[in-house]
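Chains as they are written, first to last, in my numbering: chain A, 73 to 368; chain B, 66 to 360.
Check before you lean on any hint, since a few could be wrong.
In the EDC-like style, the derived pairs of lysine to aspartate or glutamate whose C-alpha atoms are separated by at most 20 Å in a straight line are [unchecked claim]:
(1) A:LYS77 to B:GLU253
(2) B:LYS82 to A:GLU362
(3) B:LYS75 to A:ASP226
(4) A:LYS77 to B:ASP258
(5) B:LYS79 to A:GLU169
(6) A:LYS75 to B:GLU144
(7) B:LYS82 to A:ASP134
These are calculated hints, taken from the structure and not from any lab test.
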Amino acid sequence: MNKRKSQRRFIFACMAPAVILITIFMAIPTFNVFRMSLYKWGGISNNKTFQGLKNFKILIKDQNFLQSIQNSILIITLVTIITLAIAVFFAAILTQEKLKGQNFFRVIFYIPNILSIVVISAIFGAIYDPQSGLLNSVLGFLSLDNLKRMWMGDPNIVIYSLIFALIWQAIGYYMVMYMASMASIPDSFYEAAGLDGAGKVKQFFVITLPLIWDNIRTTLTFFVISTINLSFLMVQIMTSGGPNGQTEVFLSYMYKQAYTSSAYGYGMAIGVVVFSFSFILSAVINKITEREALEF
Amino acid sequence: MSSIKETKSKSNIKLYKILVYIALIVLAVSIIIPVAWVFMASLKSNAEFVGKDVNPFAFPKKLIWENFSLAFGKAKMGEYLLNSVIVTSLALIISLIVALPAAYCLARFEFKGRKFISAGFMAGLFVNVNYIVVPIFLMLSSANRTLGINFFLNNRLVLAIVYASTSLPFTIYLLSGYFRTLPTAYEEAALIDGCGYFKTMIKIMIPMARPSIITVILFNFLAYWNEYIIAFTLMASRNKTLPVGLQNLMAVEKTATNYGIMYAGLVIVMLPTLILYISVQKKLTQGMSLGGLKD
Chain A
73 MNKRKSQRRF IFACMAPAVI LITIFMAIPT FNVFRMSLYK WGGISNNKTF
123 QGLKNFKILI KDQNFLQSIQ NSILIITLVT IITLAIAVFF AAILTQEKLK
173 GQNFFRVIFY IPNILSIVVI SAIFGAIYDP QSGLLNSVLG FLSLDNLKRM
223 WMGDPNIVIY SLIFALIWQA IGYYMVMYMA SMASIPDSFY EAAGLDGAGK
273 VKQFFVITLP LIWDNIRTTL TFFVISTINL SFLMVQIMTS GGPNGQTEVF
323 LSYMYKQAYT SSAYGYGMAI GVVVFSFSFI LSAVINKITE REALEF
Chain B
66 MSSIKETKSK SNIKLYKILV YIALIVLAVS IIIPVAWVFM ASLKSNAEFV
116 GKDVNPFAFP KKLIWENFSL AFGKAKMGEY LLNSVIVTSL ALIISLIVAL
166 PAAYCLARFE FKGRKFISAG FMAGLFVNVN YIVVPIFLML SSANRTLGIN
216 FFLNNRLVLA IVYASTSLPF TIYLLSGYFR TLPTAYEEAA LIDGCGYFKT
266 MIKIMIPMAR PSIITVILFN FLAYWNEYII AFTLMASRNK TLPVGLQNLM
316 AVEKTATNYG IMYAGLVIVM LPTLILYISV QKKLTQGMSL GGLKD
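Put together the whole structure using the sequences plus the hints.
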């Protein structure tokens, strides 16, 4: 009996700090996001009045928000497709071929993933700088002066500059993910296919791709979530949405409303919409990529 | 006939290999050059950045180490570095002290509410700080107002607690997964020998979980050290951390065209992570397949 009691006390002492901290700093703030979205809440006076779904009604007519939806969807789509293709390609090469310096390449490709998003933004600031930037001077060196651009200043280009930076930082992470799952495919599959006369390209589509399909599906969800988050941080640091709202993304607009202009209720309504959007998009992607599971 | 075919396919394979190498090298160069360039730029004088026909790829004419002393002193990067060290180490300590016992209990004991708590923690994996950073800020500032003090914002300890708390779901998930793989024989023997629950956990189980603890420390170190948006929101006036300080420096020095100091600041931020990464890269890229969610 006494032992039981002391066990209960031990479990309580172990669990309580974690439960308390997660409740205060994660559960309550999350709950507050939803609650605050129903209030008119903000300003210096900090008064709040309940107004139901009015924030959402304003939101669907907000041109700036519609612009940020467009930008976000473009960024998510391009970053996902291009990064996925490049990462799978390099992962396949690095696991399949007996190459010299395999480990060296893997180590190098993963580097962007350990750098702070601020560092990455600063690096791309240096690359895109119109006068002394690396990109424009390489173009000048190749006598391609007519390709020189204001990479972060031209409203037509700036979003692609951002997309490029996001891809640059994401490739290594996903490549390592795919390499891990490709490494578990037995060599004998490739040997058998090789004997049957299947070339490398065919082997890739018939063996590698179907066998890592589940892994790819998981990473598609990661792509949606992390691109929404990282594009926000990068925009926040590099462009603050400019020029002319051309790089405004979901969460940068939320942050702008909620923190910079203290329209807390409205900002949180944006948060709710974005959260639901990412949730629904992930579910849809998950559904349409469903294939019969292949096992080996 | 067949030998011709063979040489042809051999040269095909060779060509293929060369193309593969070229692709790999292009990608590697596109990552190495910008990073290496920052190191080089951090030692250049200002005149080497500004002007029409400046070649940004030229080596520094003279190594200006002064950039670093200016970054540390005048640009306050030294102070920010100290703040980052304090916040990161406090957060690491708090996260381990809180997460280890909880992970151990979730993995080993049956108790009332276990399922509920563990589902709650799992749900926490999907809550991203970007959504909740403003509510956290409002909560802390209203705590300040209600108590009539100025404690909860611009406070390194509070920032460390927020970091540790928001990483708890991931930390507990990873650690309890590892505890489950450990054999129960040791702790049963210890309990029979009259060793208390607490002592068994500290003396026997936690040392056995070392590999997973190291993985968790690595991931959390990178997350805390590099974190930007929480620090930016909660430390608006004092005690800034390195990434926030760097962002400030970027905004200020660019208009004052003091590029050298800015790149020196950049080196100060990324050098610790690069050194850590180079020394433990195997662990990091392997640990990833244990299941990490990206932020």
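To see whether the hints hold, each was checked on the structure:
Taking the CA atoms of A:LYS77 and B:GLU253, the gap is near 18 Å; set against the 20 Å cutoff, the hint holds. A hinted pair counts as satisfied when its Cα atoms are at most 20 Å apart, and B:LYS82 with A:GLU362 does not qualify at roughly 34 Å. Under the criterion of a C-alpha separation no larger than 20 Å, the hint pairing B:LYS75 with A:ASP226 is inconsistent with the structure, at around 49 Å. Our distance criterion of 20 Å between C-alpha atoms is met by A:LYS77 and B:ASP258, whose separation comes to about 19 Å.
For the proposed pair B:LYS79 and A:GLU169, the alpha carbon gap of about 12 Å is at most 20 Å, so the pair holds. Among the hinted pairs, A:LYS75 with B:GLU144 is inconsistent with the structure: their alpha-carbon atoms are about 51 Å apart, more than 20 Å. Proximity of B:LYS82 to A:ASP134 is assessed by CA-CA distance (about 53 Å); at most 20 Å being required, the pair is judged violated.
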